[in-house]
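Peer 1: Chain order of the listed sequences is R and A.
Just so you know, we're using the numbering used here here: the first sequence kicks off at 4 and counts up by one.
Just so you know, we're using the numbering used here here: the second sequence kicks off at 4 and counts up by one.
Keep in mind that the hints were calculated from the coordinates and are not lab data.
All figures in this text were calculated on a predicted structure; none of them were measured in a lab.
Any given hint might turn out to be false.
To give an idea of the chain R side of the interface with chain A (calculated C-beta under 7 Å), a few residues [said to hold, decoys possible]:
1) 21
2) 22
3) 143
4) 260
5) 297
6) 306
7) 308
8) 381
9) 385
10) 413
11) 449
12) 453
13) 455
14) 458
15) 460
16) 464
Here chain R is said to cover these stretches of chain A; the calculated rule only asks that three of the stretch's residues, wherever they fall, bring their Cβ under 8 Å from a Cβ of chain R [claimed, not checked]:
17) 73–82
18) 141–153
19) 273–285
20) 299–307
Beta carbons are placed, not taken as given, at the ideal position from N, Cα and C, and that holds for glycine.
Number of protein chains: 2
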Amino acid sequence: MTETRPTHYQQLVNPFVPAEVLAAEQVELIHRSALGVLEDLGMRVLLPEARRLLAEAGAVVDDDSMMVTVDRGLVQSALDTAPAVYDGYGGVPERTVTFGGEHVVFAPVGGPPYVSDRERGRRTGTIEAFEDLMRLAQSFDVLHIHSPSVEPQDVDPAFRHYRTGRAQLVLSDKMPFFFGRGPAQIADAFEMVRLVRGLTEEEFAANPYVYTVVNTNSPRQLDVPMAQAIIDFARAGQIVMVTPFTLAGAMAPVSLAGALVQQHAEALMGITLGQVVRSGAPVVYGGFTSNVDMRSGAPAFGTPEYVKAAIASGQLARHIGLPFRSSNVNASNAPDAQSAYESMMSSWGALMGGANVLMHAAGWLEGGLVASLEKYIIDVETLQTFAEAFQPVDTSEAELAIDAMQEVGPGGHYFGAAHTMERYATAFYDPVVSDWSNHGQWIEAGSPITAEHATRVWKQVLDGFEPPPIDAARVEALDDFIARRTEEGGAPPLTT
Amino acid sequence: MTETRPTHYQQLVNPFVPAEVLAAEQVELIHRSALGVLEDLGMRVLLPEARRLLAEAGAVVDDDSMMVTVDRGLVQSALDTAPAVYDGYGGVPERTVTFGGEHVVFAPVGGPPYVSDRERGRRTGTIEAFEDLMRLAQSFDVLHIHSPSVEPQDVDPAFRHYRTGRAQLVLSDKMPFFFGRGPAQIADAFEMVRLVRGLTEEEFAANPYVYTVVNTNSPRQLDVPMAQAIIDFARAGQIVMVTPFTLAGAMAPVSLAGALVQQHAEALMGITLGQVVRSGAPVVYGGFTSNVDMRSGAPAFGTPEYVKAAIASGQLARHIGLPFRSSNVNASNAPDAQSAYESMMSSWGALMGGANVLMHAAGWLEGGLVASLEKYIIDVETLQTFAEAFQPVDTSEAELAIDAMQEVGPGGHYFGAAHTMERYATAFYDPVVSDWSNHGQWIEAGSPITAEHATRVWKQVLDGFEPPPIDAARVEALDDFIARRTEEGGAPPLTT
Numbered sequence: 004m005t006e007t008r009p010t011h012y013q014q015l016v017n018p019f020v021p022a023e024v025l026a027a028e029q030v031e032l033i034h035r036s037a038l039g040v041l042e043d044l045g046m047r048v049l050l051p052e053a054r055r056l057l058a059e060a061g062a063v064v065d066d067d068s069m070m071v072t073v074d075r076g077l078v079q080s081a082l083d084t085a086p087a088v089y090d091g092y093g094g095v096p097e098r099t100v101t102f103g104g105e106h107v108v109f110a111p112v113g114g115p116p117y118v119s120d121r122e123r124g125r126r127t128g129t130i131e132a133f134e135d136l137m138r139l140a141q142s143f144d145v146l147h148i149h150s151p152s153v154e155p156q157d158v159d160p161a162f163r164h165y166r167t168g169r170a171q172l173v174l175s176d177k178m179p180f181f182f183g184r185g186p187a188q189i190a191d192a193f194e195m196v197r198l199v200r201g202l203t204e205e206e207f208a209a210n211p212y213v214y215t216v217v218n219t220n221s222p223r224q225l226d227v228p229m230a231q232a233i234i235d236f237a238r239a240g241q242i243v244m245v246t247p248f249t250l251a252g253a254m255a256p257v258s259l260a261g262a263l264v265q266q267h268a269e270a271l272m273g274i275t276l277g278q279v280v281r282s283g284a285p286v287v288y289g290g291f292t293s294n295v296d297m298r299s300g301a302p303a304f305g306t307p308e309y310v311k312a313a314i315a316s317g318q319l320a321r322h323i324g325l326p327f328r329s330s331n332v333n334a335s336n337a338p339d340a341q342s343a344y345e346s347m348m349s350s351w352g353a354l355m356g357g358a359n360v361l362m363h364a365a366g367w368l369e370g371g372l373v374a375s376l377e378k379y380i381i382d383v384e385t386l387q388t389f390a391e392a393f394q395p396v397d398t399s400e401a402e403l404a405i406d407a408m409q410e411v412g413p414g415g416h417y418f419g420a421a422h423t424m425e426r427y428a429t430a431f432y433d434p435v436v437s438d439w440s441n442h443g444q445w446i447e448a449g450s451p452i453t454a455e456h457a458t459r460v461w462k463q464v465l466d467g468f469e470p471p472p473i474d475a476a477r478v479e480a481l482d483d484f485i486a487r488r489t490e491e492g493g494a495p496p497l498t499t
Numbered sequence: 004m005t006e007t008r009p010t011h012y013q014q015l016v017n018p019f020v021p022a023e024v025l026a027a028e029q030v031e032l033i034h035r036s037a038l039g040v041l042e043d044l045g046m047r048v049l050l051p052e053a054r055r056l057l058a059e060a061g062a063v064v065d066d067d068s069m070m071v072t073v074d075r076g077l078v079q080s081a082l083d084t085a086p087a088v089y090d091g092y093g094g095v096p097e098r099t100v101t102f103g104g105e106h107v108v109f110a111p112v113g114g115p116p117y118v119s120d121r122e123r124g125r126r127t128g129t130i131e132a133f134e135d136l137m138r139l140a141q142s143f144d145v146l147h148i149h150s151p152s153v154e155p156q157d158v159d160p161a162f163r164h165y166r167t168g169r170a171q172l173v174l175s176d177k178m179p180f181f182f183g184r185g186p187a188q189i190a191d192a193f194e195m196v197r198l199v200r201g202l203t204e205e206e207f208a209a210n211p212y213v214y215t216v217v218n219t220n221s222p223r224q225l226d227v228p229m230a231q232a233i234i235d236f237a238r239a240g241q242i243v244m245v246t247p248f249t250l251a252g253a254m255a256p257v258s259l260a261g262a263l264v265q266q267h268a269e270a271l272m273g274i275t276l277g278q279v280v281r282s283g284a285p286v287v288y289g290g291f292t293s294n295v296d297m298r299s300g301a302p303a304f305g306t307p308e309y310v311k312a313a314i315a316s317g318q319l320a321r322h323i324g325l326p327f328r329s330s331n332v333n334a335s336n337a338p339d340a341q342s343a344y345e346s347m348m349s350s351w352g353a354l355m356g357g358a359n360v361l362m363h364a365a366g367w368l369e370g371g372l373v374a375s376l377e378k379y380i381i382d383v384e385t386l387q388t389f390a391e392a393f394q395p396v397d398t399s400e401a402e403l404a405i406d407a408m409q410e411v412g413p414g415g416h417y418f419g420a421a422h423t424m425e426r427y428a429t430a431f432y433d434p435v436v437s438d439w440s441n442h443g444q445w446i447e448a449g450s451p452i453t454a455e456h457a458t459r460v461w462k463q464v465l466d467g468f469e470p471p472p473i474d475a476a477r478v479e480a481l482d483d484f485i486a487r488r489t490e491e492g493g494a495p496p497l498t499t
């Protein structure tokens with residue numbers, strides 16, 4: 004084929020009306036129950052500054068027990084100021100993404116301690132693996148923003164954010180992610196972004212250029228680095244995705260409704276803290292409710308409970324008027340059929356539930372312990388399939404093809420029809436990894452399973468990788484900054 | 004766990020509002036275009052009796068070219084009499100299924116010439132394999148009716164329907180499927196059903212007890228056995244699923260809109276023939292539109308084009324007020340990740356598109372050339388996941404779990420909470436084949452991939468199979484009938 008199919012993988016819009024598993028009164032009941040939890044039971048907030056800010060806004064704080072209760076009026080004021088839709092910026096205009104509304108943003112796997120591929124096996128995350136994952140993320144338009152990728156444990160934690168920041172900002176022009184590991188690291192991160200994007204402090208503060216995810220310590224606790232991250236990111240006008248990690252039966256009630264009440268309450272507390280810090284700060288409502296295997300306590304993903312929780316969470320997010328973040332997750336140990344069907348259950352549940360951000364969209368395996376390069380490529384295939392399925396059906400006269408039907412008589416075929424010849428090169432989505440060869444060809448090729456094709460693809464992509472053009476002076480400024488900060492001793496992470 | 008989780012896999016209802024890819028005016032445009040195709044271009048109908056019946060109803064017939072055109076008035080009369088919702092019956096009340104409305108019926112793989120499993124490899128279909136597939140279908144409540152399973156090529160075609168009929172009716176109490184391979188075979192099939200179900204001819208004619216699928220010979224042709232099947236099943240008041248096999252780029256226009264127009268036109272012709280034969284005969288609108296790989300001409304499934312076609316077909320079916328049949332299909336050569344994600348794309352597209360019947364719901368592989376026992380088990384897992392996800396979320400006070408949140412303090416866990424202890428044994432869906440063990444346990448177990456677990460499961464199910472209790476006198480009557488008909492020479496299939 005000589006022509007190239009035009010793709011529409013950037014700035015995605017999900018055309019489907021969100022699915023619902025809760026009646027309107029059930030949404031309102033869960034919302035009211037969560038408000039009641041915050042008023043009556045409250046949350047433990049470990050960071051004194053966070054307690055002080057909330058107290059100043061009207062929360063009731065007990066500094067001995069560190070318990071904070073907030074009334075529904077304060078929560079509602081926060082929801083009134085949190086924006087429903089806003090843009091986030093990368094290094095070039097094509098990388099601008101919209102959070103909220105009918106927009107969908109895909110971010111690859113983030114956070115695993117291990118990385119794996121079929122050539123080198125399962126191993127501890129390194130900065131080299133992190134950089135390769137940046138190259139993959141940059142190479143596929145269907146991945147819109149970065150994520151923390153794999154944890155590069157060969158780099159000292161005090162300097163790790165320089166390496167991961169540089170990799171995100173120099174190997175890619177997509178919006179970066181930084182962990183909230185204390186004010187010093189966050190300040191470094193913001194400065195690195197400003198240097199590479201060429202932004203003044205005022206320009207940076209006026210729009211989102213970077214984001215983080217804050218997982219509450221379910222049940223009902225917000226630890227020091229997490230509360231600090233909400234404060235620092237909100238203050239800078241950067242995006243915080245507040246995502247309680249509410250596994251039903253473990254860190255949340257065993258009932259789906261109970262887990263959702265707790266998720267909602269914890270998310271509302273994080274969102275409220277952010278708006279208290281800076282009214283109008285961009286925030287995302289994160290849902291991560293799933294269940295555990297009650298035999299072992301192990302987390303399960305892509306379950307029917309996960310599907311319902313994702314759809315319900317979307318309803319709750321729309322109820323409070325915020326963008327909704329969900330995830331493409333599975334609990335399989337290999338990029339096999341289970342990893343695919345659990346991932347698809349999660350992704351379809353999330354996207355039919357109106358998710359605006361799909362995290363871990365490519366590469367997550369083993370319940371999040373591993374970033375798998377093969378799973379990454381397999382997921383890119385399914386993400387592109389979603390992106391294509393989101394495009395409208397053209398019913399113009401030429402596409403209705405009545406002339407072609409007249410040309411091709413009963414019992415004939417369309418392979419050589421004029422209508423086909425005009426369109427065949429670009430008519431259909433061209434897969435990345437799916438193998439459509441027949442049985443004979445497949446046997447001849449050595450009976451490759453999907454993961455084997457995926458190995459070939461990630462190797463090709465990495466071999467052919469070209470970083471985006473980035474102003475050399477800015478990269479130099481970044482490197483000077485990193486050198487100076489490294490000399491100063493870096494920024495050890497803040498812990499609990 | 005001692006308690007058993009109550010399941011709701013029979014008489015399934017899909018609670019989701021069907022998704023849409025076409026605006027209302029696009030649905031009407033495709034419908035009108037299809038009516039125009041039937042009026043202006045028509046279809047070739049190879050069976051003289053079918054042409055005669057259509058002519059008597061007002062169609063314009065040219066017996067030389069065998070071309071039949073029908074005007075929109077005749078089509079509309081047929082749509083006025085075809086029922087929107089009706090029940091189909093198995094051997095016991097629990098096997099009653101409803102076609103149409105919000106009801107969903109799952110039928111396993113049907114039609115492949117080959118069968119495969121990890122122990123015996125890929126081989127030609129046999130009656131033994133057919134019988135094993137009946138046992139599997141009977142063993143899972145989430146499979147509601149039968150399908151033609153694998154083609155048992157070790158049985159002479161003139162006697163094959165006796166063996167497949169007996170297997171369906173004696174190893175199972177679910178609604179059987181029979182191919183439309185000529186009036187003699189169909190008459191035999193109906194008699195076998197009556198004998199085992201203990202029905203008079205009048206009782207049988209009053210309600211659906213058996214079904215068939217008619218694939219038009221796209222483009223725009225209806226061959227002899229297919230037209231005959233529509234006539235014979237409709238006359239007997241039994242179900243016909245009219246399903247054009249419209250692969251865009253091969254047997255249908257390369258454009259999605261064009262393929263849908265052709266699918267709709269061909270389906271309307273089949274439906275019209277059925278209603279001309281017997282007003283009110285139960286019919287299902289089948290959609291099978293997918294695309295081909297334009298490099299090789301091979302059919303592709305689970306593509307974005309398939310997803311959109313499935314959703315659009317649901318809209319077209321609801322537009323004409325008929326139950327909608329779609330399929331769980333993939334083009335992979337192995338029960339690997341590709342087979343799973345393509346299957347999930349197909350199934351989610353179908354079910355979000357409001358499919359009332361999901362054919363090939365379990366076991367289809369290799370674009371329909373193979374019935375895979377491993378894929379069968381993997382699909383049962385996903386079907387059960389759908390069935391569970393279809394159940395409502397309980398938001399009663401006890402499920403909201405506020406007391407449990409009070410009991411479990413911040414930073415604690417719910418494993419030992421009273422609320423958890425009361426519910427843990429039955430709280431969550433218990434998977435058939437998903438492996439949630441951690442990496443260490445998984446390595447210790449020999450790193451099994453999903454297909455290996457599936458092998459274990461189908462063997463267990465077959466080993467423990469018990470046929471349903473069926474009146475011995477009825478089975479004897481069936482066997483007497485088969486013996487007599489065999490002696491008479493059976494019923495050679497009708498061909499084109």
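Peer 1: Do the numbers back the hint for residue 464 of chain R, that is, is its least Cβ distance to chain A under 7 Å?
Peer 2: With a minimum Cβ separation of about 18 Å from chain A (threshold 7 Å), the hint on residue 464 of chain R is violated.
Peer 1: Let me know if the C-beta of residue 381 of chain R comes in closer than 7 Å to any C-beta of chain A, holds or violated.
Peer 2: holds (5 Å)
Peer 1: Within the assertion that chain R covers the region 273–285 of chain A, do at least three residues meet a Cβ-to-Cβ distance smaller than 8 Å?
Peer 2: Since three or more residues must qualify, the claim that chain R covers the region 273–285 of chain A is violated, with 0 doing so at under 8 Å.
Peer 1: Just to be careful: measuring from the Cβ of residue 413 of chain R to every Cβ in chain A, is the smallest value less than 7 Å?
Peer 2: holds (4 Å)
Peer 1: Does residue 21 of chain R pass the interface hint, meaning its C-beta sits closer than 7 Å to a C-beta of chain A?
Peer 2: Nearest chain A Cβ about 10 Å off; hint violated.
Peer 1: Double-check residue 453 of chain R for me: the hint is only fine if its C-beta lies closer than 7 Å to a C-beta in chain A.
Peer 2: Holds. Min distance 4 Å.
Peer 1: Could you check if residue 460 of chain R really has its C-beta closer than 7 Å to a C-beta on chain A?
Peer 2: violated (13 Å)
Peer 1: Taking 7 Å as the limit, does the beta-carbon of residue 22 of chain R come near enough to a beta-carbon in chain A?
Peer 2: holds (5 Å)
Peer 1: Regarding the hint that residue 449 of chain R lies at the interface with chain A, is the smallest CB-CB distance below 7 Å?
Peer 2: Since the shortest Cβ distance to chain A is 11 Å, the answer is violated.
Peer 1: Given residue 385 of chain R was flagged as interface, is its beta-carbon under 7 Å from a beta-carbon of chain A?
Peer 2: For residue 385 of chain R, the interface hint holds, since the closest Cβ of chain A sits about 5 Å away, which is under 7 Å.
Peer 1: Does the interface hint hold: is residue 308 of chain R within less than 7 Å of chain A, judged Cβ to Cβ?
Peer 2: Because about 6 Å separates residue 308 of chain R from the closest Cβ in chain A, which is inside the 7 Å limit, the hint holds.
Peer 1: Count residues of the region 73–82 of chain A with a Cβ under 8 Å from any Cβ of chain R, then say if the count reaches three.
Peer 2: Our answer is that it is violated, as 0 residues pass the Cβ test (under 8 Å) against chain R, missing three.
Checked against the numbered hints above, the structure breaks hints 1, 3, 11, 13, 14, 15, 16, 17, 18 and 19 and satisfies the rest.
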